[in-house]
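Spelled out, the chains give:
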Amino acid sequence: MTAAQVLFYLLAAFTVALALMVVLAQNIVRAAVALIFSFCGLAGLYLLLDAEFLAAVQVLIYVGGITILLLFAILLTSRIAGKGVRVLNEQKLLSGLVAVVLVVLLGAAVRRGFPALAARPPQPENTPAIGELLMTTYALPFEAVSILLLVGMVGAIYLARKEPR
Amino acid sequence: MKAEEVLEKIKGQFGDAVREGEVRDGTVYLTADGARNFEVCRALHAMGFEYLNCLSGVDWKDRFEVVYDLSSLRFPAKVHLRATTPHDDPRVRSVASLWATANWHEREAWDLLGIRFDGHPDLRRILLPEDWVGHPLRKDYTDEGRYVQFTPYGEAKKAASHAAHGEAKPGAGAKPAAQAGAGQGEPAAGAAE
Amino acid sequence: MDAQAATALPQGIEFERGETAEEMYVNMGPQHPSTHGVLRLLLKLDGELIKDCIPYIGYLHRCHEKIGENRNYIQIIPYTDRLDYLASMYNNWSYVKAVEALMGVKPPERAEYMRVILGELQRIASHLIWMGTFGLDIGNFTIFMYCFREREMILDLFESVSGQRLNYAFFRIGGMPMDFPETFYNDADGFLEWFKGRLPEYDRVMTDNIIFQRRVQGVGILSEEDAVGYACSGPVLRGSGIRWDLRKNDPYGIYDRFEFDVPAGDRGDVWDRYMVRRLEMEESARIVEQALAQIPPGEIMAKVPKTIKPPAGQVYSRVESPRGELGHFIISDGTPNPYRYRVRSPAYVNLSALPAMLKGCLVADAVAVLGSIDIVLGEIDR
Amino acid sequence: MRRGATRHSLLVAGKSGRTVDELIQLLAGMGLPGLLAQAAGMLAVCAIIIGYIAVASMFMIWWERKISAHIQVRLGPMRVGGWHGWAQSIADGVKLLLKEDIVPTAADKLVFALAPIVVFATALATYVIIPFGPGLWTKNLNIGVLYYISISSLTVVGIIMAGWSSNNKYSVLGAMRSAAQAISYEVPLVVSVLGVIMVVGSLNMEAIVEYQSSRMWGFFPGHWLVWGQLVGFLVYFTAALAECNRLPFDIPEAESELVAGFHVEYSGIRFAMFFLAEYANMFVVSAIAVTMFLGGWKGPVLTLGFLSPGLAAKLWGLFWFLTKAYFLIFVMMWLRWTLARLRVDQLMHLGWKVLLPIAFLNLGFTGLFLILKDVWWGS
Numbered sequence: 001m002t003a004a005q006v007l008f009y010l011l012a013a014f015t016v017a018l019a020l021m022v023v024l025a026q027n028i029v030r031a032a033v034a035l036i037f038s039f040c041g042l043a044g045l046y047l048l049l050d051a052e053f054l055a056a057v058q059v060l061i062y063v064g065g066i067t068i069l070l071l072f073a074i075l076l077t078s079r080i081a082g083k084g085v086r087v088l089n090e091q092k093l094l095s096g097l098v099a100v101v102l103v104v105l106l107g108a109a110v111r112r113g114f115p116a117l118a119a120r121p122p123q124p125e126n127t128p129a130i131g132e133l134l135m136t137t138y139a140l141p142f143e144a145v146s147i148l149l150l151v152g153m154v155g156a157i158y159l160a161r162k163e164p165r
Numbered sequence: 001m002k003a004e005e006v007l008e009k010i011k012g013q014f015g016d017a018v019r020e021g022e023v024r025d026g027t028v029y030l031t032a033d034g035a036r037n038f039e040v041c042r043a044l045h046a047m048g049f050e051y052l053n054c055l056s057g058v059d060w061k062d063r064f065e066v067v068y069d070l071s072s073l074r075f076p077a078k079v080h081l082r083a084t085t086p087h088d089d090p091r092v093r094s095v096a097s098l099w100a101t102a103n104w105h106e107r108e109a110w111d112l113l114g115i116r117f118d119g120h121p122d123l124r125r126i127l128l129p130e131d132w133v134g135h136p137l138r139k140d141y142t143d144e145g146r147y148v149q150f151t152p153y154g155e156a157k158k159a160a161s162h163a164a165h166g167e168a169k170p171g172a173g174a175k176p177a178a179q180a181g182a183g184q185g186e187p188a189a190g191a192a193e
Numbered sequence: 001m002d003a004q005a006a007t008a009l010p011q012g013i014e015f016e017r018g019e020t021a022e023e024m025y026v027n028m029g030p031q032h033p034s035t036h037g038v039l040r041l042l043l044k045l046d047g048e049l050i051k052d053c054i055p056y057i058g059y060l061h062r063c064h065e066k067i068g069e070n071r072n073y074i075q076i077i078p079y080t081d082r083l084d085y086l087a088s089m090y091n092n093w094s095y096v097k098a099v100e101a102l103m104g105v106k107p108p109e110r111a112e113y114m115r116v117i118l119g120e121l122q123r124i125a126s127h128l129i130w131m132g133t134f135g136l137d138i139g140n141f142t143i144f145m146y147c148f149r150e151r152e153m154i155l156d157l158f159e160s161v162s163g164q165r166l167n168y169a170f171f172r173i174g175g176m177p178m179d180f181p182e183t184f185y186n187d188a189d190g191f192l193e194w195f196k197g198r199l200p201e202y203d204r205v206m207t208d209n210i211i212f213q214r215r216v217q218g219v220g221i222l223s224e225e226d227a228v229g230y231a232c233s234g235p236v237l238r239g240s241g242i243r244w245d246l247r248k249n250d251p252y253g254i255y256d257r258f259e260f261d262v263p264a265g266d267r268g269d270v271w272d273r274y275m276v277r278r279l280e281m282e283e284s285a286r287i288v289e290q291a292l293a294q295i296p297p298g299e300i301m302a303k304v305p306k307t308i309k310p311p312a313g314q315v316y317s318r319v320e321s322p323r324g325e326l327g328h329f330i331i332s333d334g335t336p337n338p339y340r341y342r343v344r345s346p347a348y349v350n351l352s353a354l355p356a357m358l359k360g361c362l363v364a365d366a367v368a369v370l371g372s373i374d375i376v377l378g379e380i381d382r
Numbered sequence: 001m002r003r004g005a006t007r008h009s010l011l012v013a014g015k016s017g018r019t020v021d022e023l024i025q026l027l028a029g030m031g032l033p034g035l036l037a038q039a040a041g042m043l044a045v046c047a048i049i050i051g052y053i054a055v056a057s058m059f060m061i062w063w064e065r066k067i068s069a070h071i072q073v074r075l076g077p078m079r080v081g082g083w084h085g086w087a088q089s090i091a092d093g094v095k096l097l098l099k100e101d102i103v104p105t106a107a108d109k110l111v112f113a114l115a116p117i118v119v120f121a122t123a124l125a126t127y128v129i130i131p132f133g134p135g136l137w138t139k140n141l142n143i144g145v146l147y148y149i150s151i152s153s154l155t156v157v158g159i160i161m162a163g164w165s166s167n168n169k170y171s172v173l174g175a176m177r178s179a180a181q182a183i184s185y186e187v188p189l190v191v192s193v194l195g196v197i198m199v200v201g202s203l204n205m206e207a208i209v210e211y212q213s214s215r216m217w218g219f220f221p222g223h224w225l226v227w228g229q230l231v232g233f234l235v236y237f238t239a240a241l242a243e244c245n246r247l248p249f250d251i252p253e254a255e256s257e258l259v260a261g262f263h264v265e266y267s268g269i270r271f272a273m274f275f276l277a278e279y280a281n282m283f284v285v286s287a288i289a290v291t292m293f294l295g296g297w298k299g300p301v302l303t304l305g306f307l308s309p310g311l312a313a314k315l316w317g318l319f320w321f322l323t324k325a326y327f328l329i330f331v332m333m334w335l336r337w338t339l340a341r342l343r344v345d346q347l348m349h350l351g352w353k354v355l356l357p358i359a360f361l362n363l364g365f366t367g368l369f370l371i372l373k374d375v376w377w378g379s
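Chains as they are written, first to last, in this note's numbering: chain A, 1 to 165; chain B, 1 to 193; chain C, 1 to 382; chain D, 1 to 379.
Mixed in with the good hints there might be a few duds.
With a cut-off of at most 25 Å between alpha-carbon atoms, the simulated PhoX-like pairs for lysine-lysine come out as follows [what the hints assert, rightly or not]:
hint, chain 1, residue 1, chain 2, residue 2
1, B, Lys61, C, Lys309
2, C, Lys306, C, Lys66
3, B, Lys139, C, Lys248
4, B, Lys2, C, Lys248
5, C, Lys359, C, Lys106
6, D, Lys99, D, Lys109
7, C, Lys309, B, Lys139
8, D, Lys109, D, Lys95
9, C, Lys248, C, Lys196
10, B, Lys61, C, Lys248
11, C, Lys303, C, Lys106
12, C, Lys66, C, Lys309
13, B, Lys139, B, Lys61
It should be emphasised that the hints constitute simulated quantities derived from the structure, not laboratory data.
With the hints as constraints, model all of the structure from the sequences given.
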């Protein structure tokens with residue numbers, strides 16, 4: 001087993017364990033904190049795949065942005081921050097079923113492999129490559145996402161705006 | 001408005017309710033019946049005495065007095081109004097609705113002298129702990145002669161002292177202040193104190 | 001009534017839980033760096049926004065008035081020092097003036113000048129402390145040391161006069177106990193000269209700083225009606241736009257002999273209260289200069305008996321202290337002890353207007369607004 | 001692991017600092033097996049960085065006390081150690097280490113214990129990419145700048161953990177403020193840096209320094225990006241102040257409002273870790289500013305060509321780097337002891353409505369300039 005494989009299994013175990021904690025933690029802030037570390041583990045996995053840009057962005061956006069916002073909202077609603085929350089509800093059977101189906105599907109997909117993503121020779125730097133792809137091949141989806149974000153932002157501002165006094 | 005005018009007007013309006021009125025050094029000295037203190041104060045307020053300098057309680061052993069020192073920011077006349085109330089049940093109407101500043105002064109008079117102010121929005125002790133027994137500025141007050149430990153928010157001793165002094169105290173409405181700390185779930189109680 | 005009176009919380013305010021999930025209760029104090037002593041403010045917060053505020057006082061209550069009833073008239077003087085320990089001269093003055101009014105004694109002219117000089121220097125010292133600690137509240141640490149440097153000089157002057165640096169007990173019923181030492185006049189002149197040079201320095205650090213201005217302008221507004229209704233006095237009243245100063249409007253002592261302005265604000269925000277105090281320091285320096293130039297030689301003590309027994313009567317007498325109208329209400333029954341002795345402390349009354357100023361402010365503003373009232377807990381709790 | 005043969009960025013790829021490589025080779029030469037030598041080398045580098053952080057932070061703390069004292073017509077520490085109280089920080093450090101470790105009863109013990117570690121670890125991790133001198137870096141990552149930005153955004157996680165787990169309302173308020181501040185200031189910070197990245201065309205720290213190396217008239221550092229990117233530099237520096245919670249942006253710990261904010265319940269060694277991390281972060285943001293805007297380890301005068309090979313050049317570079325970084329730190333301290341604290345809403349206003357638009361304008365103008373340059377002068 002190479003060092004990379006050892007690292008992969010360690011990181012994978014770490015990520016999965018913390019992801020489980022996110023779902024199972026009774027305390028909502030603890031769940032959010034576990035989510036942060038789970039994201040960090042994921043970033044480590046990206047690094048193993050040479051996707052260093054993706055790893056950095058993963059940490060920046062998901063940890064530094066989204067989870068912080070989440071925590072902010074939780075802290076603002078002081079009532080739920082200190083309390084235990086019920087982890088399971090009456091839909092546990094249904095969600096279990098969905099999870100099993102998802103595992104089967106993903107397993108099958110991994111076994112088959114992704115022929116479209118044949119291994120390419122590794123590039124010395126993938127940041128410029130990503131930039132180029134976003135501006136050429138994937139320009140349309142990129143712009144579509146931007147517009148979606150813009151719409152979301154406008155909506156948020158409208159909702160948060162106070163009525164003029 | 002001249003001090004003499006004030007005296008004349010008040011005398012004319014309230015007659016017997018206002019005893020011994022005189023003017024010295026631009027100050028009107030009045031003594032009013034405690035039952036009508038609010039009306040007298042309202043009349044004075046309407047005359048332009050919008051500034052309540054001071055409100056004090058006095059224990060005269062046979063009676064209580066509430067002393068109002070009034071002035072105006074527009075004319076130099078001042079009023080020194082004394083309202084008397086019986087010693088066994090000292091009680092006057094609150095003037096907090098006329099002068100907002102009376103709120104704390106009346107709380108202090110209640111706290112230290114035990115004069116009750118009917119219609120006060122929030123008559124609690126102000127300088128002494130919530131669970132203090134007695135009113136120390138009364139002339140017949142004797143202290144306990146020893147150090148009395150008081151709990152910061154007074155809930156423990158309050159129950160005991162009220163039981164000891166036989167003051168009937170309905171439980172409703174009496175919320176210990178310590179609970180105010182519990183805004184953030186159970187473990188947070190008192191965390192910020 | 002009694003049940004309500006014994007309740008720890010005001011009626012109509014449910015403090016167990018907020019109305020919405022976002023509300024939270026925070027106790028600011030009694031141990032908090034910005035309450036200037038042991039004051040507790042119970043703040044009802046929505047995020048950072050203050051929905052309600054209830055001040056709890058009395059942590060420093062030491063039965064000042066009860067002690068006063070059990071001491072004779074002269075023994076009370078040192079006790080008054082401990083009321084407003086940042087402006088002890090004024091406590092002495094107000095008390096002594098009340099007893100003099102009861103007895104019908106008039107202090108000699110030179111004593112009156114001495115009182116004015118010491119009093120106005122004390123006003124500068126008090127405002128300096130206020131300015132420094134207000135800087136701390138806002139987060140500007142440097143002004144604090146600047147202000148204390150100048151205050152030290154004033155305390156040195158006071159020490160040379162009275163031998164004390166904080167609690168002087170230097171006023172007597174009927175005059176002053178000792179004349180100024182020879183060095184005092186030069187030292188006082190030197191201080192005034194130095195102090196005038198320092199005022200622009202304060203302006204550069206505080207007044208002209210854009211962050212400071214943004215922090216205090218439009219914050220903690222107290223309307224004119226509220227200021228009068230709550231009987232606010234001193235810089236708080238003047239900040240709300242009412243040009244009312246007892247030294248001008250109800251002149252006592254010899255204040256009608258001096259030329260000085262009464263600064264006033266127009267909006268009633270923290271900035272106005274700040275500027276009133278800032279400008280008052282200049283005016284006080286002006287008064288001290290004039291008084292030093294005019295002070296006549298002569299007696300410093302009127303004829304008063306050894307044992308002070310004022311005739312029966314009652315008096316409410318007031319002076320303009322750095323914090324506002326400081327009044328003493330004294331009832332004499334002809335004995336050597338006062339029958340009733342009550343202090344109308346300006347900070348106590350001004351503080352009662354705090355909830356009115358704080359509505360709709362942020363937590364950070366609470367600190368600024370509280371600082372702008374300039375409270376001294378020794379005087380509030382008595 | 002179908003691509004097991006590829007490089008692994010943090011482990012192998014990127015140019016390792018020559019110094020680090022030399023160290024590892026030295027260890028390997030002593031007979032250690034390859035992996036072990038690498039691990040030992042990494043540990044040694046870690047130890048050096050932690051040692052540097054500790055010493056530098058203690059120096060900065062002492063320095064700040066002296067600066068503040070002299071700004072405030074005081075003397076500051078004068079006793080401990082003799083000359084100007086130079087040993088004061090050491091004494092304080094020993095005191096903090098020996099203090100009782102208090103954990104509030106109502107605290108969430110695990111998160112409470114983790115929080116200072118997270119804060120300190122993120123501060124430590126950012127040191128990986130700092131180029132102290134030619135070859136004097138732990139790892140010269142291709143995504144250097146991006147790495148710094150993403151790691152530094154983790155600090156706030158530790159702060160929120162600390163604030164929440166203390167179970168104190170002041171610390172929760174501090175954590176909330178910190179979260180709001182982090183979100184508001186991360187964005188202008190990133191955008192302000194983008195201008196530099198566009199000009200240089202790389203995220204690599206070494207490339208950014210090399211870009212700024214040429215001199216006008218032989219001595220004037222005309223290629224320092226601070227000239228062209230002055231707006232970006234100012235926005236970066238302002239946002240960086242907020243990033244390390246320094247006054248006028250210290251609202252998460254504002255002592256006159258929130259007592260001490262998120263670390264109000266911490267004492268002893270845990271508090272020391274927060275404290276160290278604050279100063280470590282100050283150094284990092286200054287170091288990044290020096291690298292990106294002020295020419296990194298290149299001095300303003302001649303590069304002293306005769307020194308170039310070997311240790312002497314490294315030390316010469318280190319000297320200039322530290323000089324510039326500590327000058328920026330001095331400016332930060334100067335600001336702290338001169339300015340008042342902003343209010344939360346003013347901070348938001350400044351972040352979103354002033355700094356962000358300015359940073360975007362800067363970005364737009366930089367892009368426009370680069371295109372026009374291409375058009376007029378060719379590439």
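Straight-line alpha-carbon gap lysine 309/C to lysine 139/B, limit 25 Å: Holds, because 20 Å separates the two Cα atoms, which is no more than 25 Å.
Pair hint outcome, lysine 99/D versus lysine 109/D [Cα-Cα no greater than 25 Å]: Since the Cα atoms of lysine 99/D and lysine 109/D sit roughly 18 Å apart, the hinted pair holds (cutoff 25 Å).
Distance restraint between lysine 306/C and lysine 66/C, which requires alpha-carbon spacing of 25 Å or less: holds (24 Å)
25 Å limit on alpha-carbon distance, applied to hinted pair lysine 139/B and lysine 61/B: It holds: about 7 Å lies between the C-alpha atoms, which stays within 25 Å.
Given hint lysine 95/D paired with lysine 109/D - CA-CA distance at most 25 Å: It holds: about 24 Å lies between the C-alpha atoms, which stays within 25 Å.
Pair hint outcome, lysine 2/B versus lysine 248/C [Cα-Cα no greater than 25 Å]: Given pair lysine 2/B, lysine 248/C holds - Cα atoms ~19 Å apart, limit 25 Å.
Restraint status (C-alpha distance of lysine 139/B to lysine 248/C at most 25 Å): violated (39 Å)
Satisfaction of hint between lysine 106/C and lysine 303/C, Cα-Cα up to 25 Å: holds (9 Å)
Pair hint lysine 61/B and lysine 248/C, alpha-carbon separation not exceeding 25 Å: Violated, at roughly 40 Å.
Straight-line alpha-carbon gap lysine 61/B to lysine 309/C, limit 25 Å: holds (21 Å)
Hinted pair lysine 66/C and lysine 309/C, Cα distance within 25 Å: Roughly 19 Å between the alpha carbons, so the hint for lysine 66/C and lysine 309/C holds.
Hinted pair lysine 359/C and lysine 106/C, Cα distance within 25 Å: violated (46 Å)
Hint violations for this structure: numbers 3, 5 and 10, all remaining hints satisfied.
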